[in-house]
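Enquirer: Heads up: the protein sequence lines correspond to chains A and B, in order. End of the first sequence sits at 537 in the numbering used here; the numbers just go up one at a time, nothing left out. End of the second sequence sits at 225 in the numbering used here; the numbers just go up one at a time, nothing left out.
It should be emphasised that the hints constitute simulated quantities derived from the structure, not laboratory data. Just so you know, these numbers come straight off a predicted model, no measurement behind them. Hints are supplied without guarantee of correctness; some may be wrong.
Unchecked claim - Pairwise CB distance ranges, derived in the manner of DEER restraints:
hint	chain 1	residue 1	chain 2	residue 2	range
1	A	74	B	212	41 to 51 Å
2	A	82	B	20	13 to 23 Å
3	A	439	B	139	26 to 36 Å
4	B	176	A	403	52 to 62 Å
5	A	61	B	93	31 to 41 Å
6	A	403	B	122	45 to 55 Å
7	B	93	A	74	23 to 33 Å
8	A	525	B	20	46 to 56 Å
9	B	205	A	74	23 to 33 Å
Claimed, not checked - The calculated lysine-lysine pairs, modelled on BS3-like cross-linking and capped at a C-alpha distance of 27 Å, are:
hint	chain 1	residue 1	chain 2	residue 2
10	B	210	A	533
11	A	403	B	221
12	A	406	B	12
13	B	121	A	403
14	B	116	A	74
15	A	403	B	85
16	A	74	B	12
17	B	130	B	144
18	A	533	B	121
19	A	533	B	12
20	B	116	A	64
21	A	74	B	144
22	A	406	B	130
23	A	533	B	130
24	A	73	B	121
25	B	44	B	85
Here a beta-carbon is modelled for each residue, glycine too, at the ideal position from N, C-alpha and C.
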Amino acid sequence: MNFIKRAFLNIKEKKGRSILLLLVMSAILLFVLSGIIIQNAAKSAIATAKESSNATVTLTANREQAFKKTRKSKSKPTTLSLPSVSIATAKKIAKSSYVKSYNVTNSTTVNAKSFTAITTSSSNQGPSMGGNSKSQSSSSSQGDITLSGVSSTSTILSSSSAKLVSGRGLTVSDADTNNVVIEKELAKDNSLKVGSTIKVKDTNDKVRTLKVVGIYKASNTASTGGMGQSDPGNTIYTSAQYVNKVKGTTGKAESVTFTMNNPAKASTFIKQAKKLISTSKFSLTTDDSTYQSLLTPLNNVKSFANKIVWLVSIAGTIILALIVILMIRERRYEIGVLLSMGEKRWKVISQFFTEMFVVLIFSTIIAVIGGGFVGNYMSKELVSQSTSSTTSTMTVSSGQGQSQGGAPTQGGMPGGGGATQQGQSVGSQQSSLSNLEVSVNMMSIFELFGFGLIIILIAILAGTVNVLRLEPKKILIL
Amino acid sequence: MITTKNLAYWYDNADEKLFEDINLQFDAGKLYAIIGKSGSGKTTFLSLIAGLDTPKSGTVEFEGEELKKIGLMNYRKKCVSMVFQSYNLLTYMSALDNLLCAMAITGAKHAGDKKYALSLLDKIGIDEDNAKRKVTKLSGGQQQRVAIARTMCCDSRFVVADEPTGNLDENSTNDVLELFKQIAHEQNKCVVIVTHEFDVAQKCDSIIELRQKKFEQV
Chain A
60 MNFIKRAFLN IKEKKGRSIL LLLVMSAILL FVLSGIIIQN AAKSAIATAK ESSNATVTLT
120 ANREQAFKKT RKSKSKPTTL SLPSVSIATA KKIAKSSYVK SYNVTNSTTV NAKSFTAITT
180 SSSNQGPSMG GNSKSQSSSS SQGDITLSGV SSTSTILSSS SAKLVSGRGL TVSDADTNNV
240 VIEKELAKDN SLKVGSTIKV KDTNDKVRTL KVVGIYKASN TASTGGMGQS DPGNTIYTSA
300 QYVNKVKGTT GKAESVTFTM NNPAKASTFI KQAKKLISTS KFSLTTDDST YQSLLTPLNN
360 VKSFANKIVW LVSIAGTIIL ALIVILMIRE RRYEIGVLLS MGEKRWKVIS QFFTEMFVVL
420 IFSTIIAVIG GGFVGNYMSK ELVSQSTSST TSTMTVSSGQ GQSQGGAPTQ GGMPGGGGAT
480 QQGQSVGSQQ SSLSNLEVSV NMMSIFELFG FGLIIILIAI LAGTVNVLRL EPKKILIL
Chain B
8 MITTKNLAYW YDNADEKLFE DINLQFDAGK LYAIIGKSGS GKTTFLSLIA GLDTPKSGTV
68 EFEGEELKKI GLMNYRKKCV SMVFQSYNLL TYMSALDNLL CAMAITGAKH AGDKKYALSL
128 LDKIGIDEDN AKRKVTKLSG GQQQRVAIAR TMCCDSRFVV ADEPTGNLDE NSTNDVLELF
188 KQIAHEQNKC VVIVTHEFDV AQKCDSIIEL RQKKFEQV
């Protein structure tokens, strides 16, 4: 009869003690498993957030440096000269492994010729801006239509601020063509459809014909950015190359937006990209606010789950060690008898280990059955607490952003509503957090089993060290 | 078989020796009784010759070889078997399992042989039904018989017993002593029992008394 058979006999004959151990071990493992699966769910949610939150890095002219340069030259009146971004440089930067895609933006204004631009009036803006008021159009160097040149409209026209409703968006194959995507209200007011052609007059009074290939709808929340900006409906999307043609330039852009594969690598990418540009002329700015706002509650959940795992493991080890110490003290005669017969010490320890190992197997089964429920409940509580605190922080910062509003958005995006758009995006992504996928998989079971093994090993060593270092006579006389 | 040479033992103070200069020899085929007052050091002497403890000075030899050389664990495993006053059986096992366990640990010739274990138990008056019952369900006399059977099933040639009849009535005491005689005379083993009962000692082949730190043949 070896130590394994002795262990099984002991478990079988001492049912009460075995059940007590099973209950204690199950309770410990249940909480450890909950912690592990929440931790894993948070990790995978962070990975998903990295892929889905689309952090961007925008390459534009360095306005701060340009202002400094202009002031130093002391030329009056002050004229700010901003350098254009070279598309060739942007292509070199876009070769980085951190870049998922990039979008060149280039805009200019033109005047409507064969159609009427949308006129917006506001009680606090005074006389109408833009519009088809010919006197205003001709007297102003700013046209009533914004011609926004992009590489592709796929990102712009799939956001919450603008959606493609008819025809198709622009792609890289539309470069150098006169294909455009116009706003729904502008199309409606002028009875324009996909396939229609429209005419505009550039700043040199040259008439240009544009072909409508798609119609988009700007969101209701999109509004004029403020003084000096036309209605968002007056934004027409075309290729960046065509805008260059209208402006009389080649291979230039106002800005280039790089979409990151992994938002966490944005700063590394910037360091890499800065080597390819002149930092005194150009700047790289990151927009990973969505990612960061998602990261905070997830990191909170992950860190809390981590604490649960460690606290329960430590507390569990202490509780089990105390139980094992008591159990072994109660069995010191048995140890003495076994040693007096010449049994090896490691075999005596192995017998206790086997007993606990059998209990561990059954406890793991119980923990796996119950862990999913407990983990789900705990994760819902944790996520709701974390997201509510983050959302309230976001609301405060968004409110501040709006009060400072009025700055045109980058890249000729349908104007205004930057903070609202961000808020909507974060809100929708955070609501998906409440469905944090908490499930028990093989990996978490293995992890749990590993934790259990370590706990029983420490508990048994702590319990047996005091008795096994003695000679059998001392154990039997104790 | 077992020889002690200048054996001495003390606990904390070397000036307060339990016994000293003990030179004894125990031979195979004989049943020895060690008697003495309570606290005189009988059990301590037994633990030294059983390899449960190490002497402070002097040596214990088994068949001419020092226990240190044999190794105490190895000695306990292969050469000696023990019977205690409180039986010290494994309480979560049956009588049969106790025997099988002892045979497995000591690597006895009949290890794993249930029939052999049952026949041994039957020989000492434990039938198959009782053999398969948990030992805690047996009477004190039966438990002590199981403890003796445990020493019989192992291949060790030396048996020590500490107050083996201390908890038993007269009939059981006689039965147990008969068993020890059988082990000594029929199996040609050396059996040493420690007792404080002179009646028990008188039934043994040889009596040694521990008196004033010395052993004397009675």
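Enquirer: When the structure is checked against the list of hints, which entries are broken? Sort them ascending.
Expert: As far as the earlier hints go, 2, 3, 4, 5, 6, 8, 9, 10, 11, 12, 14, 16, 18, 22, 23 and 25 are violated by this structure, in ascending order.
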